[in-house]
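Student: The lines below spell out each chain.
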Amino acid sequence: MMTRRTFVKNGISAFTVTLAAPAFLSDLARAQGAMSRNLIVLDLSGGNDGLSLLVPYNDAFYYSRRPTLAIPAGTVLQVGSDSSGKALGLHPKLTGLKDIFNQGRLALVQRVGYENSSRSHFSGTDIWSTANPSNTTGSGWVGRYLSTLAPPLDPLTVWNTTGDTPHALSAPGVSVASIPSVSGYAFNSPNNGADATLERGAALTIASHLPVDKPHVAFVGASARAAMATLDRVASVGTYKPSVTYPNNGFGQALQAVAGAMAKSIGTRVFWVQTGGFDTHASQDTTADAGAYVKLMTTLNDGLTALYNDLRNLGLLNDTLLLSFSEFGRRITENGSKGTDHGAASVLLAMGGSVRGGLYGTAPSLNPDASNPTLENSGADVHFETDFRSVYAKVIDTWLGGDSVGVLGGNFRKSGIDFV
Amino acid sequence: MADLALIQHLLRRAGFGASPAELATFAAMSYAQAVDRLVNFDQLPDTVDGHIGQSGYVGTTSRGVFSPNTVADDARQRWLFRMVHSDRPLQEKMTLFWHNYFATGFTKVSGAVKAENATRLMAAKASDDPAKQRGQIELFRDSALGSMRDLLTAVAQDPAMLIWLDGDTNTKAKPQENFGRELMELFSRGVGYYTEDDVYAAARVFTGWNLDRPAGGNNVTTGAYAFVYNANQHETTAKTFSFPIYRDGTRTIPSRAASAGMQDGLDLIAALASHPETARRLATKLYAFFVSETASPDSAFIDDLAATYLQNGTALKPVVERLLTSPQFQAPSIFFTRYAWPAEFVVRSLKEAGWSGFSLGSVLSPMVNMGQELFEPPNVAGWVLGQGWFSTGAMLARMNFGSTLAANQKFNLATAAAASRSSARSVVDYVASRLTADLDSDVYAALLSYASSGAWTGSDAQLQTRVAGLVHLVLGSAEYQFV
Numbered sequence: 001m002m003t004r005r006t007f008v009k010n011g012i013s014a015f016t017v018t019l020a021a022p023a024f025l026s027d028l029a030r031a032q033g034a035m036s037r038n039l040i041v042l043d044l045s046g047g048n049d050g051l052s053l054l055v056p057y058n059d060a061f062y063y064s065r066r067p068t069l070a071i072p073a074g075t076v077l078q079v080g081s082d083s084s085g086k087a088l089g090l091h092p093k094l095t096g097l098k099d100i101f102n103q104g105r106l107a108l109v110q111r112v113g114y115e116n117s118s119r120s121h122f123s124g125t126d127i128w129s130t131a132n133p134s135n136t137t138g139s140g141w142v143g144r145y146l147s148t149l150a151p152p153l154d155p156l157t158v159w160n161t162t163g164d165t166p167h168a169l170s171a172p173g174v175s176v177a178s179i180p181s182v183s184g185y186a187f188n189s190p191n192n193g194a195d196a197t198l199e200r201g202a203a204l205t206i207a208s209h210l211p212v213d214k215p216h217v218a219f220v221g222a223s224a225r226a227a228m229a230t231l232d233r234v235a236s237v238g239t240y241k242p243s244v245t246y247p248n249n250g251f252g253q254a255l256q257a258v259a260g261a262m263a264k265s266i267g268t269r270v271f272w273v274q275t276g277g278f279d280t281h282a283s284q285d286t287t288a289d290a291g292a293y294v295k296l297m298t299t300l301n302d303g304l305t306a307l308y309n310d311l312r313n314l315g316l317l318n319d320t321l322l323l324s325f326s327e328f329g330r331r332i333t334e335n336g337s338k339g340t341d342h343g344a345a346s347v348l349l350a351m352g353g354s355v356r357g358g359l360y361g362t363a364p365s366l367n368p369d370a371s372n373p374t375l376e377n378s379g380a381d382v383h384f385e386t387d388f389r390s391v392y393a394k395v396i397d398t399w400l401g402g403d404s405v406g407v408l409g410g411n412f413r414k415s416g417i418d419f420v
Numbered sequence: 001m002a003d004l005a006l007i008q009h010l011l012r013r014a015g016f017g018a019s020p021a022e023l024a025t026f027a028a029m030s031y032a033q034a035v036d037r038l039v040n041f042d043q044l045p046d047t048v049d050g051h052i053g054q055s056g057y058v059g060t061t062s063r064g065v066f067s068p069n070t071v072a073d074d075a076r077q078r079w080l081f082r083m084v085h086s087d088r089p090l091q092e093k094m095t096l097f098w099h100n101y102f103a104t105g106f107t108k109v110s111g112a113v114k115a116e117n118a119t120r121l122m123a124a125k126a127s128d129d130p131a132k133q134r135g136q137i138e139l140f141r142d143s144a145l146g147s148m149r150d151l152l153t154a155v156a157q158d159p160a161m162l163i164w165l166d167g168d169t170n171t172k173a174k175p176q177e178n179f180g181r182e183l184m185e186l187f188s189r190g191v192g193y194y195t196e197d198d199v200y201a202a203a204r205v206f207t208g209w210n211l212d213r214p215a216g217g218n219n220v221t222t223g224a225y226a227f228v229y230n231a232n233q234h235e236t237t238a239k240t241f242s243f244p245i246y247r248d249g250t251r252t253i254p255s256r257a258a259s260a261g262m263q264d265g266l267d268l269i270a271a272l273a274s275h276p277e278t279a280r281r282l283a284t285k286l287y288a289f290f291v292s293e294t295a296s297p298d299s300a301f302i303d304d305l306a307a308t309y310l311q312n313g314t315a316l317k318p319v320v321e322r323l324l325t326s327p328q329f330q331a332p333s334i335f336f337t338r339y340a341w342p343a344e345f346v347v348r349s350l351k352e353a354g355w356s357g358f359s360l361g362s363v364l365s366p367m368v369n370m371g372q373e374l375f376e377p378p379n380v381a382g383w384v385l386g387q388g389w390f391s392t393g394a395m396l397a398r399m400n401f402g403s404t405l406a407a408n409q410k411f412n413l414a415t416a417a418a419a420s421r422s423s424a425r426s427v428v429d430y431v432a433s434r435l436t437a438d439l440d441s442d443v444y445a446a447l448l449s450y451a452s453s454g455a456w457t458g459s460d461a462q463l464q465t466r467v468a469g470l471v472h473l474v475l476g477s478a479e480y481q482f483v
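Line by line, the protein sequences give chains A and B. Residues 1 to 420 (this note's numbering) make up the first sequence, in order. Residues 1 to 483 (this note's numbering) make up the second sequence, in order.
These are calculated hints, taken from the structure and not from any lab test. Being a predicted model, the structure only gives us computed values, none of them experimental. Treat the hints loosely; a few may be bogus.
Unchecked claim - In silico lysine-lysine, DSS-like type, Cα no more than 27 Å apart, as pairs:
1) A/LYS338 x B/LYS174
2) A/LYS214 x B/LYS174
3) A/LYS295 x B/LYS108
Make the full structure from the sequences, and use the hints.
Tutor: Right, here's the structure in full:
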């Protein structure tokens, strides 16, 4: 177990590393056992209801506009007041995250979004992925950042734990390892034993030949070679024995693979994890044990808490930043089906050993008056206060050591959101 | 008789490769006859679905009764079955092209109308459906080489598209921009050839182009979903664009009575379909699909294709025919240079390595891992083509599919190769002739080294092991990932 003293000590040494070394330590340093920084992007897909995650429990309009969905003030996990004096509390199921908040390692950035927020899951996701609200067919923001790193990128630089390559990771020249299942990432053979081994050797020989006059074939060959070259590293993740028990669900298992990849030092710098079901149009139920939103919060809390504790035990917490997003927030007033429809700005989580925890930004006033500047859409939805690209800029510049202006195509740096 | 390599190229690009029987049929024709047979596919009977479940054809696997009109995985298998066995390969190929072009995702449709109805809206064959519902993919088959204007109109009124791009919520009070934007950005003129004001105007043009749902709601799977023009939801003021709408150059769609307002959308679509920007964009897409996505297109050739399109009133058949008969298409330097889509890779593997005793149910999950689940394009812009298909995980999925197929066909392959069992080299030659790929001498040497490792005896056991291994190695090679 890590004592508070060693925790603080590690915190200081990480700070020193930040000043002394480039954002990502060199491969040489890693080979010598030094750790490098990781970014975990967490997609809460479906459109998370920020008002149920971080509850403005003293706002009377929260209760009047959500007669069945409001969480009783007495049950929220109080996290104090933000700079506007608004008292806030976490959803009652977020007990682990509350502890992390108390340790100063969880930041909650309020009212993150953008002008003219899309209410479409697809364009909303594409906008958050490309960081470009006006044209969402281009490359993804994480992919663009990675493409600024010195080539060649190791094929395991990005590990996507879902089946489809997320748009945010896609960029020309950036190969994304999509590995939803560690055990499925293996080289199969129609034969067994020595014959299979012989064949694997031949496959590697074939993948390794480089037809210089056919760059397209060479590209695919490189992908095959990269796949074969990473098999053993990925398989090593399957042997990881975590120090805590992760929840036995897809999200928990994906997080265990993330911790395993870090523990085995396989070289991955960016991980993508997802947990879905946030599109709570009906029967959102934020309070009953079997309620839809309660289950979402339980999954989120149990997964992230396990990850946090596991990484802490491994001594990897200071090298890890987890950043959540969701394609939009939800409508303030509950609908006729005891759910909430697609809204606009929402709250975003940042967690890690180097995070400056606390409340960032200000909560909306939920007064439905159309002139309320913290709302939009005639008082129906939460208006953004912090552009999501400002959060990305913070992560790119400060955590990853990149150039956010180049990656995001503009200067979105903003003061007051120094969560890392 | 045409050159065999050229015929094989034609069938890889304008179809999904050739089984030995197909190759024999086409090899007896001149090149012009082969193109004619492919392009004029409507001259051949469309009987392929009748063979599903028959012996001699690739199998299917379903939970319960095979129900391709209401179960998405079964619909996927039916489409793959058509790709393997249709006598009209170009029709299926163009259907795949349109599926990517008008990329519509099952999950969103399913979220709106539930899974069974979503499958109907994506894939139902009208003749099999209780309400004669025609799925979007059937629309693409029917319009595979028809007129672009008609296709755009039908797509704008297609129930799955009305859900996918939110046309069903496009009302007078809240014009919905999603469809109007993509119509110009992805379906016609392209990025840079429209303004934000055009998007707002297009949204207003399509106000009232909504979806009529069956009585009884989404739990009913026998009712019809249909396009409906809701005159009372149509915004009737004039709409002005940055480009001409009418032949005289007029850029404004006039204010019309609500009852006549559906004409706004028809006017806009007719205009967009016949714009030179649309013609060039479509010509460029077809060039990349059929000819080359690595070499930048020859501008004069694109102009020529665009002119063909416009001169023929937006008809696509003359354009594709011109493409396939062009010297650019027939140049041996472009053979095996287009990155194969997962569907192309899987289907060609089956056609060339064999399918007897194999079920298409076994390709569904591998195709997800390869990055192409049919009916689930990643977003409205479609799949990321070319190098985008080849993440390490996706490449591994292709290699592992090759292994699954080779293992499944082990006995059949060994039997077919038995006549070549005299030496390891002749077995390698047999496999290399059966699987079409541009294998260079290094690859050939690696295959030979593998096949001849240890003593070559040519025993049944060795033949089964090595032939399956060779087929796996070729299917998993970089060279085989090109059409």
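Student: Could you run down the list of hints and mark each one as holding or not?
Tutor: How the hints compare with the structure:
In summary, the hint linking A/LYS338 to B/LYS174 is supported, as the alpha carbons are separated by about 24 Å, within the 27 Å threshold. Between A/LYS214 and B/LYS174 the CA atoms are separated by roughly 52 Å; this puts the pair beyond 27 Å, and the hint is violated. Of the supplied pair hints, the one linking A/LYS295 and B/LYS108 holds, its CA atoms being roughly 23 Å apart against a limit of 27 Å.
Hint 2 from the list above is the single one not met by this structure.
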